[in-house]
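Q: Chains as they are written, first to last, in the UniProt record's numbering: chain R, 1 to 206; chain X, 1 to 206; chain S, 1 to 206; chain D, 1 to 206; chain G, 1 to 206; chain F, 1 to 206; chain Z, 1 to 206; chain B, 1 to 206.
Treat the hints with care, as some may be off.
[Unchecked claim] Listed next, the in silico DSS-like pairs over lysine-lysine satisfying Cα-Cα at most 27 Å (straight line):
{"id": "1", "chain 1": "Z", "residue 1": "K3", "chain 2": "R", "residue 2": "K206"}
{"id": "2", "chain 1": "S", "residue 1": "K3", "chain 2": "F", "residue 2": "K3"}
{"id": "3", "chain 1": "S", "residue 1": "K3", "chain 2": "R", "residue 2": "K3"}
{"id": "4", "chain 1": "D", "residue 1": "K3", "chain 2": "G", "residue 2": "K51"}
{"id": "5", "chain 1": "G", "residue 1": "K10", "chain 2": "G", "residue 2": "K51"}
{"id": "6", "chain 1": "B", "residue 1": "K51", "chain 2": "R", "residue 2": "K73"}
{"id": "7", "chain 1": "B", "residue 1": "K206", "chain 2": "Z", "residue 2": "K3"}
{"id": "8", "chain 1": "X", "residue 1": "K206", "chain 2": "D", "residue 2": "K73"}
[Said to hold, decoys possible] Derived CB-CB ranges, DEER-like:
{"id": "9", "chain 1": "G", "residue 1": "E71", "chain 2": "F", "residue 2": "D179", "range": "44 to 52 Å"}
{"id": "10", "chain 1": "S", "residue 1": "N189", "chain 2": "F", "residue 2": "D179", "range": "55 to 63 Å"}
{"id": "11", "chain 1": "F", "residue 1": "K106", "chain 2": "S", "residue 2": "K10", "range": "37 to 45 Å"}
{"id": "12", "chain 1": "F", "residue 1": "K106", "chain 2": "X", "residue 2": "I180", "range": "55 to 63 Å"}
{"id": "13", "chain 1": "R", "residue 1": "K10", "chain 2": "S", "residue 2": "D9", "range": "22 to 30 Å"}
What the hints contain is simulated information worked out from the structure, not anything from laboratory work. For each residue, glycine too, the CB sits at the ideal point set by N, CA and C.
Listed below, chain by chain, are the residues.
There are 8 protein chains.
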Amino acid sequence: MSKPYVRLDKNNAAVLLVDHQAGLLSLVRDIDPDRFKNNVLALADLAKYFKLPTILTTSFETGPNGPLVPELKEIFPDASYIARPGQINAWDNEEFLAAVKATGKKQLIIAGVVTEVCVAFPTLSALAEGYDVFVVTDASGTFNELTRDSAWERMTAAGAQLMTWFGVACELHRDWRNDIEGLGALFSNHIPDYRNLITSYTALTK
Amino acid sequence: MSKPYVRLDKNNAAVLLVDHQAGLLSLVRDIDPDRFKNNVLALADLAKYFKLPTILTTSFETGPNGPLVPELKEIFPDASYIARPGQINAWDNEEFLAAVKATGKKQLIIAGVVTEVCVAFPTLSALAEGYDVFVVTDASGTFNELTRDSAWERMTAAGAQLMTWFGVACELHRDWRNDIEGLGALFSNHIPDYRNLITSYTALTK
Amino acid sequence: MSKPYVRLDKNNAAVLLVDHQAGLLSLVRDIDPDRFKNNVLALADLAKYFKLPTILTTSFETGPNGPLVPELKEIFPDASYIARPGQINAWDNEEFLAAVKATGKKQLIIAGVVTEVCVAFPTLSALAEGYDVFVVTDASGTFNELTRDSAWERMTAAGAQLMTWFGVACELHRDWRNDIEGLGALFSNHIPDYRNLITSYTALTK
Amino acid sequence: MSKPYVRLDKNNAAVLLVDHQAGLLSLVRDIDPDRFKNNVLALADLAKYFKLPTILTTSFETGPNGPLVPELKEIFPDASYIARPGQINAWDNEEFLAAVKATGKKQLIIAGVVTEVCVAFPTLSALAEGYDVFVVTDASGTFNELTRDSAWERMTAAGAQLMTWFGVACELHRDWRNDIEGLGALFSNHIPDYRNLITSYTALTK
Amino acid sequence: MSKPYVRLDKNNAAVLLVDHQAGLLSLVRDIDPDRFKNNVLALADLAKYFKLPTILTTSFETGPNGPLVPELKEIFPDASYIARPGQINAWDNEEFLAAVKATGKKQLIIAGVVTEVCVAFPTLSALAEGYDVFVVTDASGTFNELTRDSAWERMTAAGAQLMTWFGVACELHRDWRNDIEGLGALFSNHIPDYRNLITSYTALTK
Amino acid sequence: MSKPYVRLDKNNAAVLLVDHQAGLLSLVRDIDPDRFKNNVLALADLAKYFKLPTILTTSFETGPNGPLVPELKEIFPDASYIARPGQINAWDNEEFLAAVKATGKKQLIIAGVVTEVCVAFPTLSALAEGYDVFVVTDASGTFNELTRDSAWERMTAAGAQLMTWFGVACELHRDWRNDIEGLGALFSNHIPDYRNLITSYTALTK
Amino acid sequence: MSKPYVRLDKNNAAVLLVDHQAGLLSLVRDIDPDRFKNNVLALADLAKYFKLPTILTTSFETGPNGPLVPELKEIFPDASYIARPGQINAWDNEEFLAAVKATGKKQLIIAGVVTEVCVAFPTLSALAEGYDVFVVTDASGTFNELTRDSAWERMTAAGAQLMTWFGVACELHRDWRNDIEGLGALFSNHIPDYRNLITSYTALTK
Amino acid sequence: MSKPYVRLDKNNAAVLLVDHQAGLLSLVRDIDPDRFKNNVLALADLAKYFKLPTILTTSFETGPNGPLVPELKEIFPDASYIARPGQINAWDNEEFLAAVKATGKKQLIIAGVVTEVCVAFPTLSALAEGYDVFVVTDASGTFNELTRDSAWERMTAAGAQLMTWFGVACELHRDWRNDIEGLGALFSNHIPDYRNLITSYTALTK
C-alpha cells in the first residue's frame, strides 16, 4: 500500500530551477531570506558538483517579476535557459518540456518560487507523465506557512517526495569515500555549523 | 497509488462561499483578520474575474451568526444566494444542492467559516458524489490551528485538494498572455508585495 | 483511492473518555490548560446532550496518575466506569471491550490523555476490528507538539478521522432546527466568542 | 522618577511619514504585509481625518529604494514632500527640519521604514531638541523582530512613547461625541472585526 | 534610582474593570479566549473575595461595542457602574472619577479592553494624579502582541506596575493562614493545574 | 485502504541508533538540546530495560562528525557497534545489515542524527525489504522544522510509523503489572513531571 | 542616570531557592520541563561549587504544593531549610529573614516557583532593604510567558538584575585559571552542546 | 530623565569582536546559523569599510571553545588580536584593555558569543568607565531567547544602546552621498532583499 523507495541516482537525475527571480523573491516569506538564499545556492552548487543536467526557467523576466538572480546564471553559464513568454506552469512550455526530455533522466529535482505555483504545477504535471519528482522544499519559497503546507499536501498526495538540499546531496553521493573533500567543501560552504566542526577539527589535527 | 493531477479548468469550475457572516467571523482565530479579509475578497474577485458561477450561502443569518459580509453581496449581486433555514452542512439543503448542480460544473472551489464544519462537511459530501473539490485554505478560517490541522487531515484523506487563492488564480489563468493586465490587477489589489514590484517597475519604465 | 465519507450519526456513536486523570493532566503541554479543560468538558457535555453512550476508564488511579477529574464523574454518574488494573491499551481490558461492544455502536468518538498512548492504542485496535474511529484532538493532550504530530500521523495512516469537539457536535446535530436552544447553550457555555455574539444579539433584540 | 503623561493633542501634533517606499517595503519582515499596509493607510487616514499637518519624505526614490507608495501621495496631495538627496536621518535634511518647525507643533507622530533607522534616527534627534515623540510601531517595519526589539529599546530609553495607530486615534479624539460617524468610519475601514460588529449591529437595529 | 516597592494592601486598593463588553471582546487577539475569560473572572472573583471596592464602566454599550459581559454584572450587583456617554478615557468621565475618589483608596488595580486605550489612558491619568497603579495584564486584552508590547512599554515608563491576577491575589493575601480554604477555592476555580493538585491530594489524604 | 495496526512486540523488536555523534549533534536545531539529550538517553534506557537487541553505528567518527556520545557506549557496552567507513545510508554497509539480520527481528525501532538522512535512508531501505519500521521522532534531530517535516512526510508515505520514546515504552510494556517499578523508574528518570507526581504521591502515602 | 555595574562576587553572595516543590512545578509552563529541571540543578550545583551559603524554603509543603524536590535536599544536606507555615512572601518569614542576614552577604541570587510571586516578592523586599538582587530567570518558572514578562518588568523597574545560571557561574568564576576542570565539569554536566565540544576535543587530543 | 542621544561617529568609534570561536558558535541557538553568520560578517565588513579600529579577542582558543572563525582573521589581518589566557570578562585582561584605550575612541561597538557573558561583561565594565557602548545584538548570540532577553535587560539598565549592524552602518555613514557605491555594496552583500532590489533596478535602467 505504501510508496516504494525511489532513491535518487546521480546518473538518472536532472535539476529544474523555476522562477528564482529578483522580483518574485520579495514575495517569499515562509523562510528567512539569508537562509533561503543559502539553500538555493547550495542546491545549485550540488547540481554542479554532481554534474546533473540543470534547466533554468523564468516567467516574464522583463516585467515586475524581475530577472533571474545573477548567481544562478554564473553557476550555470551553459545550462538550458528558458525565459517563458507567458505559461505559468513551466511544463506547458514546449521548449522547457523538450529540455527536460532531452536530459533523458527520469528523476526530476525541482525547486522554485512560489512553491504552490511554480513548483507545484510542473511537479504535478511531471508526476502525471510518470516522472519521479523530488521537491527541494528548502530551496522553494512562498507567501506564508499556510500556503506552503497546502502546497506540500497537494504535491505529496500526488506522489512527490519532499526533500531538502542536504538530503539530496547525501542520497546522490551514497558514500563519503567517493570524494570526501568535495562533499566536505559543499557542506562547509553552506552549513555554518558544519564549517565550524571542520575548523575545530582542522586546528586540532594540524 | 497516488491521486491523479486534476487541474482546475475555468470552464468546469464553480465557487462556493459558505457562511462568511459577520458574527461567525469573530470566531476565526487561526489567521490574522487583515489577511483573512484580503484573502476572502481576493477569492471573490478572482471568481468574478474568471466569470465562475458562484454560490453564496449563510446559516441562520437572522440570529447571532449575523448577516453575510456586505462586500460579498456587492461583488455578486446576481449570484445564487441560499440563506439556509437550519442545515449545518450546506449540502443537506436541497436548494443549495440544486444550485450546485445547475452550474453543470464538476470542479468545486470551496471556502468558508468555520473550516472544519462549513467547509469540511460540504467538501466531504461533494467528494462522495464524485465532484473534484478544491479547498481554498486561506479564505477559510476557524478557531485555532489545531482545529484547522485536524480538518485539513480529514478533508485530504477524503480526496480534497488544498489550495490557496493565488494558486487557484494561476491554475485557472494558465498563461499570462490570456490577459496580462487583468491578472496583474488582481495581484496588485491583493498582494502588497506584488503591488510594490509593479510600482517600482512602472516608475522606472515610464 | 480515498476514504469514503463516514459521517457521525447520533444513533450509532459512543464516546470513550480515556484516562483524564488529575495526575496525568500535569503531563499535558501541547495545549493551554484553560483551553484543554474547557474542551474536555465541552465533549462531555455534548455526549450527554446527544445522549451518547459514554464509557469512562482510568489507569492506576490509586497511584501517581491520580483519580479521574471529578467533573467527569459528575456529568456521567451512571456511565460505565472501568478502572483498569494495569492494561495500558484500554482495548486490552476485557471489561472495557465488553462495555464498548455492549453499546452496539460502530462509531467510536475517542479522547484521552496522553494522545499517543491512551488515545492512539485503542484507536488503532478499534480500527483493526472494523470500527469507525473519530479522534477528538482538542480534548486529547500530550507532552508536546512533536509527540502529538507523530501520534496524529500514525492514527490517520490507520484510518482514524481527526475532529474537534465543535465539529463533532455539528455533525451529530445536522440541523439547527432539531433544537436551537440546546445547541446554542452548548456553544454559549464553551465558546466565549459565541457567548458574546449571543449576548450582543440578545441585548439588541430584546 | 517616571515620565509624566504627555497626552496627544490634536491641536499640537504633526505626523511624519518617513520612507514608505515601494522598494524598501520589501525589506519589512517583522509584520505581515496585509496587516502592515492596512496600518500605514490607517495612520494616513487618521492624520487626514484629524487634519494634522503631515510631512512625507523619501530617501533616494530614484534608486532601488523605489518611489513613495502611491496611496500616500493620493491621500496627501498638498502635504510637504521632501525627497531627500542623501541624508539617512531625515532630521539632518534642512528642508525637512524646516517643514517640521513650520508646523508649529511640539508633538511628533512618527512612522516609517525601517524602524531602527528611518524612524529611530529622527526620533532620537527630535527628542534631543525637546519634542515629544510618539512612535507608531505598527505603521513602522523592519527586517525582523530582533531588530525591532533593539530599536524600541533604544527609542524608549531616550524618552519616546510607543503607540499604535488605534491608540493614537483614540487619544486624539478624546470623546466619541465629537464625531461618532467619523471615528466609526475610520475603524470600520481599517479593523475588520470592528466592521463586523457594525454590520451585525446595523442589521439588527434597522 | 529605582522604583520603591509599593506593595498591594487589601485595605488600600480598589479595582477598576474597564470596557469588558461583548462586542469589544471580539477585538482581543493577543490571548486565547478561554484563557482570557478565565482571567477576567478570576480577577472579578478575587476582587469580591477581598471585598475590594470595584467600579465597572463601559463605553457606548448601546452601540456595536455591546453590553458588559453578564458575568461581571452578576458578580458585582451593587458595584458602581458607569456607562460612559462618550469619553474614551474613563478618567475624563466625572462620574467615574468621583467613584474612584469615593473609594478613598490610593492603589488602583486596573484591567480592561483594549489594553492600549481603555487600560492605558486611565492608568496614565491616575499615575499623573499620584495614584499607585497595578495593571492586571492577563485580564486585559488587545488586537495583537505588538500593540500590547507597545502599551506595556508606555505604561511602565510612566510608573505603572505590571501584574497578573494570581500575583495580585497572593500579594493581597500575604499569608495562607489568613484563610486557607478561601484562597484555595479561588485557585481551584481558576487554575486547572492547581485544581488537579488538590484533587490528587484530597484523594490520598482522605 | 488503511495501514493495518502493526503493534510493537518486545520479542520481535530491535533498536538501531544511528550517528548520535558529538559533532553531528551540533547540527540539531529542531529540538532543544536538553530535551533531545534526555530523549536519546530515554530511548537507550528503554532498549536496555526491555532487553532489545541494539545496534550502534557511526559515520566517520574520526573526522569532524566526532565520536559517538559516551553515554551510549556506556549503556550498551556489548552491543554491535559498526563504525561505517563511508556509507551514508547505514543499510548500504554490509556489516550493519548483517547485524540487523542477525537479530532475527522484524520490527525495527530507529532513531538518529540527522533525521532526513541517517534515519530516513535506512528506514526507507528497511521498509523496501519488508521490515516494519518505527521511527522514534523525538530521539532523532535535524537542522530545522522544515527539514524535519519533509523527512516525516517522505518516511510516512513509504509506510513508516512515527512514534516517540514514551509511546514505544508503553506499547512494548503492554501492562503495568508486568513490572510497575521498572516502568515507573524509567518514567521518573526521564519525565520531570512524572517524577514530581511520584514525589508527591510517595510523600503522602508514606 | 543608569544603574552602576554591581558585579557578582563569590565572597559576598548567597543563594535563595524558593518553593521548588513537586506540586508547584506542575504549574510551570513558560519553559520546557527538561530544560527547567536542568537549569535548577545547574544553579544548585554552581552554588555548591562556589560554596555560596544557600537557603532553601518551601510553602505549605504538607499540602497540595508538595515537598521540595528531593535532588535539592540531596545537594544541600546542611543548608538552612525553612518550611514556611503560611507566609507567601518568604521575606515575611522571620526565620527566613534571619537566615538571609546570618549569611552576612549583600548579593542575593534568587530563583523559584512561581516567578511573579515566590521570586518577585522577596526580590522586591530585599531590594527595598538595600540588597543587590540577581534573579536567575532560567531557574525560575511560572504559568506562561505573559506572566513572566510582567514579573520581569516589575522586578527590573525596582532594580533587580536579570541573569541566567550560566552568566552567574561565569561572573562568579572570573578567570578560567582559577579552576579549569571544575568549571568545565559544571558546564559539561548541564550544557549538552558544551559536553559535545569536550567529547570531540578530548577524542582528538588523546 | 531620559538618556541623551549619543550618536555613532565614525571618527570616534572602535569595534570589539569577542569570542566568535568555532566551538562556542555551536552554543548559539537564539538565532538561525545562516543569519547569524551573515550578521557577524556584515559587522566585520562595515568595520573594515569605515576603517574603524577593530580588536579581536578569544577565550581559551586551544581548548574546546575552538579557534576564532577564519573569516574574521582574514578580514582583519592586522587587527589587535588578544587570545586571553583565562579571563572571562575581556575587560579584565590588561592587554585587551590597553588595546581599547590605544584606539583613543570613546564609542565602543561590541558583539560576541555568548551575549550574557562575553558581550555583557565588557559592556558593563566599559559603561562603568564612562564609555558609550553600542551592543550589536544581531551579531551576538547565546543559548536561547530567555537568556538573551535577560542579558539585554541587564545591559540596557546599565546604559548600553542596543543596535543591529544595519543601523550601525547607517548611523556611521550619515549621508548616502558620502559614497553611494560603497554602502550599496555592503548592503548588497549582506541583505538578499536589498540585492534583489538592486538587481531589478539595474536590469531596468541599463
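Q: Work down the list of hints and note, for each, if the structure agrees.
A: Going through the hints against the structure:
1. As the CA atoms of Z/K3 and R/K206 are separated by approximately 47 Å, the hinted pair breaks the 27 Å bound.
2. Straight-line distance between C-alpha atoms of S/K3 and F/K3 comes to about 12 Å, which keeps the hinted pair within the 27 Å bound.
3. Using a Cα cut-off of 27 Å, the hinted pair S/K3 and R/K3 holds, with the two alpha carbons roughly 17 Å apart.
4. Of the supplied pair hints, the one linking D/K3 and G/K51 is violated, its CA atoms being roughly 32 Å apart against a limit of 27 Å.
5. A hinted pair counts as satisfied when its Cα atoms are at most 27 Å apart, and G/K10 with G/K51 qualifies at roughly 8 Å.
6. Between B/K51 and R/K73 the CA atoms are separated by roughly 34 Å; this puts the pair beyond 27 Å, and the hint is violated.
7. Restraint check for B/K206 and Z/K3: not satisfied, since their Cα atoms lie roughly 56 Å apart, outside the 27 Å limit.
8. A distance of roughly 18 Å separates the Cα atoms of X/K206 and D/K73; the hinted pair therefore holds under the 27 Å criterion.
9. The hinted range of 44 to 52 Å is satisfied by G/E71 and F/D179, whose Cβ atoms lie roughly 50 Å apart.
10. Hint check: S/N189 to F/D179, Cβ distance near 44 Å, so the stated range 55 to 63 Å is violated.
11. The beta-carbon spacing between F/K106 and S/K10, approximately 42 Å, falls within the hinted interval of 37 to 45 Å.
12. The beta-carbon spacing between F/K106 and X/I180, approximately 59 Å, falls within the hinted interval of 55 to 63 Å.
13. Take R/K10 and S/D9: their Cβ atoms lie about 54 Å apart, and the range 22 to 30 Å is violated.
Checked against the numbered hints given earlier, the structure breaks hints 1, 4, 6, 7, 10 and 13 and satisfies all the rest.
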